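2 protein chains.
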Amino acid sequence: MSRWKPDAEGRLIKAAITLFDERGYEQTTVAQIADAAGLTKRTFFRYFSDKREVLFNGSGELEHRWLEAVAAAPVDASPLAVALAGLDPVAEMFDERHPFARLRAGIVDANPELQERELIKLQNLAAAIKAALIDRGISRNAAILAAQTGVTVFQVAFARWVEQDDPAAFRRLMDESLEELRSVTAT
Amino acid sequence: MSRWKPDAEGRLIKAAITLFDERGYEQTTVAQIADAAGLTKRTFFRYFSDKREVLFNGSGELEHRWLEAVAAAPVDASPLAVALAGLDPVAEMFDERHPFARLRAGIVDANPELQERELIKLQNLAAAIKAALIDRGISRNAAILAAQTGVTVFQVAFARWVEQDDPAAFRRLMDESLEELRSVTAT
DNA sequence: ACCTCCACGGCACGTGGTGTCATCAACTAC
DNA sequence: GTAGTTGATGACACCACGTGCCGTGGAGGT
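Protein chains in written order, with the working numbering: chain A, 562 to 748; chain B, 562 to 748.
No lab work stands behind these hints: they were computed from the structure. Just so you know, these numbers come straight off a predicted model, no measurement behind them. Keep in mind that the hints are not guaranteed to be accurate.
Which copy? The list can't say, so a pair holds if one copy fits it or any two copies do.
[As the list claims (entries may be wrong)] Cross-link-like lysine to any residue pairs, in silico, SDA-like; alpha carbons within 20 Å at most: (1) Lys682 to Arg613; (2) Lys575 to Ala662; (3) Lys602 to Pro635; (4) Lys575 to Ala729; (5) Lys682 to Gln716; (6) Lys566 to Pro673; (7) Lys612 to Glu587; (8) Lys575 to Lys602; (9) Lys682 to Val669; (10) Lys602 to Tyr586; (11) Lys682 to Ala569; (12) Lys575 to Leu664.
Taking the hints into account, I'd like the entire structure generated from these sequences.
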């Protein structure tokens with residue numbers, strides 16, 4: 562028999578989300594999370610660099626998928642089209658996580674610290690996309706703006722997807738947001 | 562003779578920036594800042610809600626100026642034009658603060674915590690602009706995208722302004738960024 | 001002469017986050 | 001099967017952030 566129960570990280574995430582949802586983020590202590598997962602505070606910080614990070618487990622996969630799609634985009638595509646190539650695999654990734662995303666969004670929306678973390682994750686994503694665009698020979702200026710615009714479209718569409726009921730609507734909402742952005746910037 | 566030296570807040574800000582620049586943000590303690598300003602830790606937290614906030618003194622004025630300009634924009638202006646109306650008074654505000662902005666940008670760039678705070682300030686600004694646009698009768702969707710786009714243009718132009726040498730170039734850099742954004746989204 | 005105000009000091013406390021060492025099942029080597 | 005090694009976790013001490021609470025004493029009014 563093994564010395565410890567398996568999947569310590571998963572247990573911590575599950576315990577954290579449950580407690581954040583029940584009592585709120587600030588009212589929940591790291592020690593309480595660790596305790597609920599049958600672990601200690603010290604172990605929590607071995608898996609997550611800080612208390613917020615336990616809610617941002619999926620951000621690595623998001624960035625990974627997005628960058629893969631960017632790398633696979635046609636060579637003759639426009640900067641914005643390349644940046645937006647990430648939207649397809651990302652939409653696919655979210656289709657099955659609608660209930661979880663809602664729960665998590667409720668927690669994040671209720672706490673400024675978590676919103677800050679969410680924003681810097683998005684900025685890191687934009688920076689990575691920008692670097693990929695520059696690698697493709699796109700100018701620095703166009704790369705920044707295309708990457709930032711792509712992430713903005715994602716951000717807006719994500720917010721809409723969370724607050725409506727159709728889990729499969731993500732891709733459509735992204736297209737709509739992009740179209741609205743074009744119409745706004747055209748004037 | 563008065564019991565305390567005047568301008569406690571200003572002394573705290575000055576001491577903080579000096580110490581952050583010399584030793585780095587994380588290596589500087591709130592107690593050290595307060596001590597350098599001839600005050601105590603407790604008093605620091607009466608002026609600033611947390612350690613980061615001492616670097617974000619100007620954000621209130623920035624938002625105020627921007628929103629004033631939005632309110633004063635012509636009734637028939639497009640959503641994006643209204644959102645961008647804030648760029649003029651804001652550019653004017655920054656002309657005289659180029660050296661300070663550089664010093665501050667160096668500190669912020671060296672620390673993720675501070676970048677998070679900067680991002681949420683920008684998001685709050687975008688949210689305020691969005692609300693102002695909605696008040697003017699602009700649709701929710703267009704308001705979000707116009708506000709977010711306006712802030713993105715500001716953000717990009719600000720970064721360029723800090724890294725180049727002409728303190729008066731802000732307005733021009735904003736126009737260039739906007740033009741590049743139009744060209745990126747048009748394709 | 002008295003009173004009220006209020007900016008600040010002082011102190012205790014909870015929590016986040018880290019460095020360091022101990023523990024002990026599982027795995028490896030022979 | 002015995003010995004050594006590895007690696008996830010516990011245990012503990014510690015520091016800095018941030019807050020609640022009360023004390024203090026000059027400024028300014030009556």
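Legend entry - In rising order, the numbers of the hints this structure does not comply with: Numbers 3, 4, 6, 11, in rising order.
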